[in-house]
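4 protein chains.
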Amino acid sequence: MNHMQAMLDEIYNEVLPLLGEGRVADYIPALAKVDPNQVGIAVCDLHGNTYTAGDANTAFSIQSISKLLTLVLGMEIYGDALWKCVDKEPSGQAFNSLIQLEMEHGIPRNPFINAGALKVCDMLYSRLATPKQRMKEMMCKLSGNAHVTCNHTVADSERMHGARSAAMAYLMKAFKNFDNDVDDVLDAYYFACALEMNCVDLAKAFLFLANQGKTLDAKHTILTTTQTKQVNALMATCGMYNQAGDFAYRVGLPGKSGVGGGIVAIIPNHLSICVWSPELNDTGNSLIGIEILERFTARIGKSIY
Amino acid sequence: MNHMQAMLDEIYNEVLPLLGEGRVADYIPALAKVDPNQVGIAVCDLHGNTYTAGDANTAFSIQSISKLLTLVLGMEIYGDALWKCVDKEPSGQAFNSLIQLEMEHGIPRNPFINAGALKVCDMLYSRLATPKQRMKEMMCKLSGNAHVTCNHTVADSERMHGARSAAMAYLMKAFKNFDNDVDDVLDAYYFACALEMNCVDLAKAFLFLANQGKTLDAKHTILTTTQTKQVNALMATCGMYNQAGDFAYRVGLPGKSGVGGGIVAIIPNHLSICVWSPELNDTGNSLIGIEILERFTARIGKSIY
Amino acid sequence: MNHMQAMLDEIYNEVLPLLGEGRVADYIPALAKVDPNQVGIAVCDLHGNTYTAGDANTAFSIQSISKLLTLVLGMEIYGDALWKCVDKEPSGQAFNSLIQLEMEHGIPRNPFINAGALKVCDMLYSRLATPKQRMKEMMCKLSGNAHVTCNHTVADSERMHGARSAAMAYLMKAFKNFDNDVDDVLDAYYFACALEMNCVDLAKAFLFLANQGKTLDAKHTILTTTQTKQVNALMATCGMYNQAGDFAYRVGLPGKSGVGGGIVAIIPNHLSICVWSPELNDTGNSLIGIEILERFTARIGKSIY
Amino acid sequence: MNHMQAMLDEIYNEVLPLLGEGRVADYIPALAKVDPNQVGIAVCDLHGNTYTAGDANTAFSIQSISKLLTLVLGMEIYGDALWKCVDKEPSGQAFNSLIQLEMEHGIPRNPFINAGALKVCDMLYSRLATPKQRMKEMMCKLSGNAHVTCNHTVADSERMHGARSAAMAYLMKAFKNFDNDVDDVLDAYYFACALEMNCVDLAKAFLFLANQGKTLDAKHTILTTTQTKQVNALMATCGMYNQAGDFAYRVGLPGKSGVGGGIVAIIPNHLSICVWSPELNDTGNSLIGIEILERFTARIGKSIY
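Residue numbers (our numbering), protein chains in the order written: chain X, 1 to 305; chain G, 306 to 610; chain E, 611 to 915; chain U, 916 to 1220.
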């Protein structure tokens, strides 16, 4: 599809002037050092085509996009029992507030806010012998890139500055909604956040969410059709922190972002897209990433709404 | 489509045993008196077909489904300027809390919570000479039912028990986000809530949201294609009070509910559906209504995700 | 007591250089116009002596000092039944937040925050034929000044800018903790706030709180000994908005302040003192007033602690 | 003073029938095992007399009364600099909420709520080589009982169930208001809570707060006169968790309670009193202890108000 390639190139060129308008995440030194002047786009469709623009092959810290991975693993392992320990409602709050967590008695609002992903990691830790290994293997398998790695400098830096995550975990423990040792679970959580992948890896990895849960070669069923819809529904309502409504309004796709500047989005039954640019807007989502996605859905005339 | 009719009949029969599991809204006497043993379904598709089951022709109090009407009117009149006074994010809160409204300085989270709809009514009041007349006319025009009426007993009852709405309006006024006399705006707001329509009326009225903003006869453009997507996006993220995530997860459609027991939902480019049953679940949405919609999207194999 | 007079003069001169460091209340125009460069002190002891310094005879808007009057009236009329509708705990919040009021189901934290005083006025309104008249008469009787008057320009200005108070009253009504018409009660509430008295008036008026509830001439028992202690206890824990702890720490007396810049304080079994200076600190209490009181208790070597 | 002894005996007998109306703290097994049927009273006056009734010589877990000890140590070491890291306002909240701590950016409301005492312990840890040893020595010195000991079973049990305290400490760390290792500080904090003393020990230990900061033999100045008033002021406004206002209203003394069932209270320039009974009321204070103190101040006709 020549048309798709031309469109990505066009959008890429249009958004470049926005470089400098956002701010690279600086809560940990290891992320603050990333060169902000990078923009990548990768699209994978169900015909097996991959289209890219810009820095689509540069690896970056996937950060909270890992919450999509941990949710998928959690649904695989626990099925509906997952939802006894974590809710599935938008938070209507900043992404790492403890206020709501206390008011709701230690049940995190959804698996895409930090508290929710910590709880999912706690559950994975209860069932998996080597949760970190499993996370990495799954990313390698899904992306077809055998060399996905964790940046341990980033993971260590997260741990050093991770007092708020520890506070959340202990608060859940106080409500008897956290089963394992806090430090052990945080270790797995930071490992997942510090995985490094590029736009092509991520678009490929999550293409199954556009394919009713199956890998493109139909060899693997990652999730059932129903579960796939459920994950997409959760992304659509909760995937963009406190910008979920605005993202639905402007872009109109299920998506999950990370403070590394990446966003994965899905057009069910059509394609997956991953965009990346390190500068964030006020809600912690990639400023240029959202701009790209907005233009993309407007131009192809397709959104879920 | 014989198939559709058979499916609605089947679902109707399946959900009847759930009568008695929810609770009719009782915060105002006029609503508490409704016979709970009623279930209606109406589907309108883009081919001009209408399918019904059960009490699809019995009028009920549309209550917060009117917030969809006021939003559409607000977007027609104000365009994007509407969003200066009301946000478009899920609230993550019970539907009539003042806590969030105060913490966010009098800017309501979205136009589908009570505070947001009050603010939209305040804006309509600033521009329309006869806002109540206009609301009613629009509902008549869209539904093709010239006899849509307001139940003044219900409206009066709402006003009598409306201290919380008045508190919200005054709190917004304290933050300089409310321009007109509180009582005047409440009068228009309660009028809209107390409009009475049946499932067929409502499915017809909002079919334009499945038709890119145009009425089926293509004579009227109610909203632009983009605005239509935006309204659907808002319904998908904010339309079901504090059950938005669960509704997306189970049903997977943009929808708007009211405490009268009605829910309108949209499958973009396909159809509109209105379900009604007065008994509510804990979040104030029709218990049987959601059950019907869940079975409906599962059986037709279509949702937006 | 020459000594006392000398001390007041000394303190008066010491604090004058602080003029300009605070900010006159500006939420209503009528208050914002007050000349900020005024400082008054009046002390009344149980021997019948009155000592003054500075602008002790200049009348000012008593504002929330009226909450002490309404509490005393409420205790006279209702006795312990008062505490069914209003609590007696420090709020730990800004003085007019609705958040706590909603979280605590419409029961105001104490009678000295705005919501609490509104509720007390609501209760007075239920029992008194002419509550405004009664308030004024009581202030005239207690102060020995027959000419205490309400500044209606101020009262009207409060009403014009009183959306937040209306919001509180309606929120209490929503919780069924407000019995009368909101506008009627607000009228009485603003009347009390807009009474004008000077430091001498106020020190005299509340001297009974230092005299176990009796007027100095022993002709009238305003409150029982126990009730008097209770009022002093409430002032000590709740009388200074969100500066109660700091005021106890620095000054060490039961006291009640108003945004007009006045503060009444009591040394039980010794004396009453009223200080006044219009400029407020960040918590809405008279900046210079607190400074005077701190020096006063340090110098006389007496506080309640 | 025969009179005092007779009064204590009388009150002791009056309150015994209230046994069974409260509930022993059960959040840790080690405390839940305490025999609830115990009531002790000890009064120390400035003439060197000690009066007792009931189980005044039975040691109990001092729990949060230790917060008075840590505050005194903190004021000795840091002086006013202490207040940069902890505020001195009543919390208006349950005693261990994280909501307020987050809303106020990690600055605890006062040194008598758990978060505040944790922060004070953190500061002690920064300056003292052996904080636990120092705490114990001070208690021995002040009480004249060389055998004050820590119950390590209780301390271990606190640690095992201390997820909420850990959450608070980490949340303060996230706001950069916690300097030392969380586990280290918690260790010292739980040590202080698990000290065991009896009513006589505690009344003697804190008699200096009724004596302007000096020990009765005048050999030691624990705090300056001003600091002593400040500590009493803090106890009066913040010492009884969310019952501070009610305690002031009913009892009228500065006091500090612990969930072990002890309460220390002070009549400045007169006496100290310690009461103990393990059953607590809904706010976590000794139900019978408060009853004793209310009768005590009523009968001797002395309170601070």
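Everything labelled a hint here was simulated from the structure, so no lab data went into it.
A few of these clues could be false.
Here are the simulated EDC-like cross-link-like pairs (lysine to aspartate or glutamate), alpha carbons at most 20 Å apart as the crow flies [claimed, not checked]: (1) U:K999 - E:D892; (2) X:K141 - X:E196; (3) G:K481 - E:D636; (4) U:K999 - E:E806; (5) X:K176 - U:E1052; (6) X:K33 - X:E196; (7) X:K84 - G:D551; (8) E:K694 - U:D1197; (9) U:K1134 - U:D941; (10) E:K786 - G:D461; (11) U:K1129 - U:E1052; (12) E:K746 - E:D794; (13) X:K176 - U:D941; (14) U:K1091 - X:D26; (15) E:K746 - E:E806; (16) X:K84 - G:D587; (17) E:K742 - E:D665; (18) X:K176 - X:E102; (19) G:K446 - G:D522; (20) G:K389 - X:D282; (21) U:K1091 - X:E137; (22) G:K481 - E:D766.
(message) Run through the hints listed earlier and report the numbers of any the structure violates, in increasing order.
(response) Failing hints, ascending: 4, 5, 9, 17 and 21.
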